[in-house]
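Those protein sequence lines, which keep their order, are chains A and Z.
Residue numbers are given in numbering that gives the first Met the number 0: position 173 of the first sequence equals residue 172, and the series is strictly consecutive.
Residue numbers are given in numbering that gives the first Met the number 0: position 75 of the second sequence equals residue 74, and the series is strictly consecutive.
Any given hint could turn out to be false.
One copy or two, it doesn't matter: identical chains are merged, so the pair holds either way.
Calculated pairs, SDA-like style, for lysine to any residue (alpha carbon to alpha carbon, straight line, at most 25 Å) [as the list claims (entries may be wrong)]:
#1 K7 - M49
#2 K94 - P210
#3 K145 - D24
#4 K260 - D237
#5 K194 - T15
#6 K116 - P128
#7 K55 - E6
#8 K94 - E270
#9 K194 - T5
#10 K267 - P96
#11 K55 - V273
Keep in mind that the hints were calculated from the coordinates and are not lab data.
None of these values were measured; they are calculated from a predicted model.
Number of protein chains: 2
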Amino acid sequence: MELWYTEKQTENFGITAKITKTYVDEQTDFQKLDMIETEEFGTMLVLDGMVMTTVKDEFVYHEMVAHPVLFTHPNPEHVLVVGGGDGGVIREIMKHPKVKKAVLVDIDGKVIEYSKKYLPTIAGELDNPRVEVLVNDGFMHIHDHKNTYDVIMVDSTEPVGPAANLFTRGFYQGIYEALKEDGIFVAQTDNPWFKADLIQSVNKDVKEVFPIVRVYGANIPTYPSGLWTFTMGSKKYDPLQVDEASIPEISTKYYTPRLHKAAFVLPKFVEDLVK
Amino acid sequence: MELWYTEKQTENFGITAKITKTYVDEQTDFQKLDMIETEEFGTMLVLDGMVMTTVKDEFVYHEMVAHPVLFTHPNPEHVLVVGGGDGGVIREIMKHPKVKKAVLVDIDGKVIEYSKKYLPTIAGELDNPRVEVLVNDGFMHIHDHKNTYDVIMVDSTEPVGPAANLFTRGFYQGIYEALKEDGIFVAQTDNPWFKADLIQSVNKDVKEVFPIVRVYGANIPTYPSGLWTFTMGSKKYDPLQVDEASIPEISTKYYTPRLHKAAFVLPKFVEDLVK
Numbered sequence: 000m001e002l003w004y005t006e007k008q009t010e011n012f013g014i015t016a017k018i019t020k021t022y023v024d025e026q027t028d029f030q031k032l033d034m035i036e037t038e039e040f041g042t043m044l045v046l047d048g049m050v051m052t053t054v055k056d057e058f059v060y061h062e063m064v065a066h067p068v069l070f071t072h073p074n075p076e077h078v079l080v081v082g083g084g085d086g087g088v089i090r091e092i093m094k095h096p097k098v099k100k101a102v103l104v105d106i107d108g109k110v111i112e113y114s115k116k117y118l119p120t121i122a123g124e125l126d127n128p129r130v131e132v133l134v135n136d137g138f139m140h141i142h143d144h145k146n147t148y149d150v151i152m153v154d155s156t157e158p159v160g161p162a163a164n165l166f167t168r169g170f171y172q173g174i175y176e177a178l179k180e181d182g183i184f185v186a187q188t189d190n191p192w193f194k195a196d197l198i199q200s201v202n203k204d205v206k207e208v209f210p211i212v213r214v215y216g217a218n219i220p221t222y223p224s225g226l227w228t229f230t231m232g233s234k235k236y237d238p239l240q241v242d243e244a245s246i247p248e249i250s251t252k253y254y255t256p257r258l259h260k261a262a263f264v265l266p267k268f269v270e271d272l273v274k
Numbered sequence: 000m001e002l003w004y005t006e007k008q009t010e011n012f013g014i015t016a017k018i019t020k021t022y023v024d025e026q027t028d029f030q031k032l033d034m035i036e037t038e039e040f041g042t043m044l045v046l047d048g049m050v051m052t053t054v055k056d057e058f059v060y061h062e063m064v065a066h067p068v069l070f071t072h073p074n075p076e077h078v079l080v081v082g083g084g085d086g087g088v089i090r091e092i093m094k095h096p097k098v099k100k101a102v103l104v105d106i107d108g109k110v111i112e113y114s115k116k117y118l119p120t121i122a123g124e125l126d127n128p129r130v131e132v133l134v135n136d137g138f139m140h141i142h143d144h145k146n147t148y149d150v151i152m153v154d155s156t157e158p159v160g161p162a163a164n165l166f167t168r169g170f171y172q173g174i175y176e177a178l179k180e181d182g183i184f185v186a187q188t189d190n191p192w193f194k195a196d197l198i199q200s201v202n203k204d205v206k207e208v209f210p211i212v213r214v215y216g217a218n219i220p221t222y223p224s225g226l227w228t229f230t231m232g233s234k235k236y237d238p239l240q241v242d243e244a245s246i247p248e249i250s251t252k253y254y255t256p257r258l259h260k261a262a263f264v265l266p267k268f269v270e271d272l273v274k
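Between the sequences and the hints, there should be enough to build the whole structure, so can you do that?
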């Protein structure tokens, strides 16, 4: 018997992947959590029926959340990750020696627990002494930590379920206040083919809060449309003003210093969404 | 009853799209041809079980075949398209007033016929007086036209079926000879996630024939992995030496002068395939 996992990325379109094993199939306190073994992409974490990460293509998302913003801030000592319980973004952050402490706040401890067990190549740095892991509500954590962080990364699910309030103007205002005076944040902001409205409304909201707002993209094969966007809001530093020659080469599979600015050059129809 | 078209893009992974109608389901002299109506991407042309084009996302592929090379050659008067019977690349070429004549050579007249009937927004320019449409073998056409073209575009299917000999060193040598002394060609060269070997071998072959070889990418949601590559081989002009400020704005939805060079900045793992 062949088993295939099919995700309807929209009502009328989706991806399908042959699976060989189901490790976890559980309703946590916050969401449906599935951990499955796929032939094509290796172990796959699925939350509320949406692929969150796979062993084969996870590097794209995790590198592209962490490195553009960390190579834009000249001294990112204190970093917060909201969500991201699989640990992939933390692993990338740990490649930056300037980071003294990274705090991860995920609302769902089960994501952390199962990622450590089934995704060790992704979650391995969660035990790094420079990392503090909190099982908590990111929205509240931000509210309670004013003027604390140099960089904040929002590694959330889609704006349904537990992440719904992470796509609101109030959340971006809270992030602004949790950042120091020269802080920067970045959030994953879905894809322009099926969620153009979301990208547009997030862009409008972030522009009301931050003086510098930039959008960039990356190719993630297991995410809807294969083109994912990220929105950066900054108080002072502009990622497009970074001298690429000054970016050190670190060990990556997607991000390069050459891509630092090129990733911000968007297709015309995406450019039009955010101008 | 709901009908879904599922394409296995690899043995273990694919896409699935809800369809409302099948217009054509035919074995031509060269390949299996399906024309179907999908809810998400509109009318879709499928050859040998692989999505060739859809009304919703076709602009990416067609623009990104035509414009980078046409804005690299300073005077692209005579252009050849090998394959491309749907007419999308021709439509984009017609946006360039410098082009005096574009010749399209597709081996399968049925692709042209059904595209005109079911994909009029794509095929509409096939009747432009600056266009000559030939139903013929592109490999032979190239062999018979030495020193003829300024630009050649290879808009083929995958290297199976009728396009198998369009991915050989002999074909690139033929293209070299069919080009004038300052000619350039571009070919679609599949995706780096599932076909890394193909990109690598094409790159090696083209480098043996052309002094300047460049690879760029574009996001196409209905193509495997969502990231498509294109390989350019040039006798004289380097796309990376083009002054972007001199590129005129034309009506596009994906290509922009700003993207002209940025599209050539590849993810690290793709860069490594072609260096």
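- Item | Alpha-carbon proximity between K55 and E6, which holds within one copy, between copies, both or neither at 25 Å | both (18 Å within a copy, 21 Å between copies)
- Task: Have a look at K145 and D24 and pick one of within, between, both or neither, based on CA distance no larger than 25 Å.
- Result: neither (38 Å within a copy, 62 Å between copies)
- Is it within, between, both or neither when you check K194 against T15 at 25 Å Cα-Cα? Both, since 20 Å and 19 Å are each at most 25 Å.
- From the Cα coordinates, with 25 Å as the cut-off, is the pair K260 and D237 best called within, between, both, or neither? both (11 Å within a copy, 21 Å between copies)
- Task: Indicate which option fits the pair K116, P128 if close means a Cα-Cα distance not exceeding 25 Å: within, between, both or neither.
- Result: within (19 Å within a copy, 65 Å between copies)
- Pop the pair K94 and P210 into one bin, within, between, both or neither, using alpha-carbon distances up to 25 Å. neither (28 Å within a copy, 38 Å between copies)
- Up to 25 Å between alpha-carbons, please classify K194 paired with T5: within, between, both or neither. both (20 Å within a copy, 23 Å between copies)
- Message: Cα distance capped at 25 Å. Does K94 pair with E270 within a copy, between copies, both, or neither?
- Response: between (31 Å within a copy, 21 Å between copies)
- Item | Intra- versus inter-copy proximity for V273 and K55 (alpha-carbon distance at most 25 Å) | Answer is between: at 20 Å across copies they meet the 25 Å cutoff, but 31 Å inside does not.
- Is it within, between, both, or neither for K7 and M49, if the alpha carbons may be no more than 25 Å apart? Answer is both: 8 Å inside a copy and 20 Å across each meet the 25 Å cutoff.
- Up to 25 Å between alpha-carbons, please classify K267 paired with P96: within, between, both or neither. Cα proximity of K267 and P96: across copies only (21 Å, versus 37 Å in one copy).
The structure does not agree with the numbered hints 2, 3 stated previously, though it agrees with the rest.
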